[in-house]
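Protein chains: 2
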Amino acid sequence: MIEKLPTPAFIGKVKFDANGLVTTVAQDATSGEVLMVAWMNEESLRLTLQTGQATYWSRSRQSLWRKGETSGHTQQISEILIDCDGDTLLLKVRQTGPACHTGAPTCFFQKADI
Amino acid sequence: MIEKLPTPAFIGKVKFDANGLVTTVAQDATSGEVLMVAWMNEESLRLTLQTGQATYWSRSRQSLWRKGETSGHTQQISEILIDCDGDTLLLKVRQTGPACHTGAPTCFFQKADI
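Just so you know, the protein sequences line up as chains S and U, in that order. Under this note's numbering, the first residue of the first sequence carries the number 1, and numbering increases by one thereafter. Under this note's numbering, the first residue of the second sequence carries the number 1, and numbering increases by one thereafter.
Just chain S, same shape as in the assembly (with noise of 0.2 Å):
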């Protein structure tokens, strides 16, 4: 059964590392894929769900980063979930085109031979 937060009590829930960042899954929301895993900032939260477009925080370029604002892959967001302890952000996503930036439509293109 899932809980649903309004937004400031969402954002409450969010424990924030040393480093003000919180590690987050992006999943395609139809296919149930797994994308990617990036982190956010207070503030990119709040824009990723002020705007429904997912915004993370670059930690190479330290900056704001608006997932396609130069690709064009965009991530529309279906749902935003937390982990139990507050320290995981999940989003559900429609991603337009591929959400690597290798070219390929997960970053998650290589596997352990077992």
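Everything labelled a hint here was simulated from the structure, so no lab data went into it. Just so you know, not all the hints are guaranteed correct.
[As the list claims (entries may be wrong)] Here are the simulated PhoX-like cross-link-like pairs (lysine-lysine), alpha carbons at most 20 Å apart as the crow flies:
(1) S/92 <-> U/111
(2) U/13 <-> S/111
(3) S/111 <-> U/92
(4) S/15 <-> U/111
(5) U/4 <-> U/15
Since the structure is predicted, the reported quantities are computational estimates derived from the model, not experimental observations.
Chain S is already provided as a structure; the job is to place chain U on it using the hints.
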């Protein structure tokens, strides 16, 4: 197209962070549901690959944590993937019982009412 990597090459791709950890997403291999996010160090990854049972690093207890070792709610590995930049793993698992310590099927049972 998924690339298969022999185990040593796979482990060699992992970029462990300053604490020696890598973010790890567990997904139900059948339903596609994202179950939880946890962390692995190199030893837990090797144990996971060797035993076929998900073993994480507990940051709160600072010890290896074979998922289900006390609860019985184990995760049998179906696939292990790594993302394009090597800083996140994705486990596709066969979950026994609920994945979440709260008894919920997944740790993601709270969502923003947007």
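Structure-based check of each hint:
Distance hint between residue 92 of chain S and residue 111 of chain U is fulfilled; the C-alpha atoms sit about 11 Å from each other, no more than 20 Å. Proximity of residue 13 of chain U to residue 111 of chain S is assessed by CA-CA distance (about 11 Å); at most 20 Å being required, the pair is judged to hold. Proximity of residue 111 of chain S to residue 92 of chain U is assessed by CA-CA distance (about 11 Å); at most 20 Å being required, the pair is judged to hold. The suggested pairing of residue 15 of chain S with residue 111 of chain U holds, with an alpha-carbon distance near 15 Å, which does not exceed 20 Å.
The straight-line distance between the Cα atoms of residue 4 of chain U and residue 15 of chain U is roughly 18 Å, inside the 20 Å bound, and the hint therefore holds.
Checked against the numbered hints given earlier, this structure breaks none of them.
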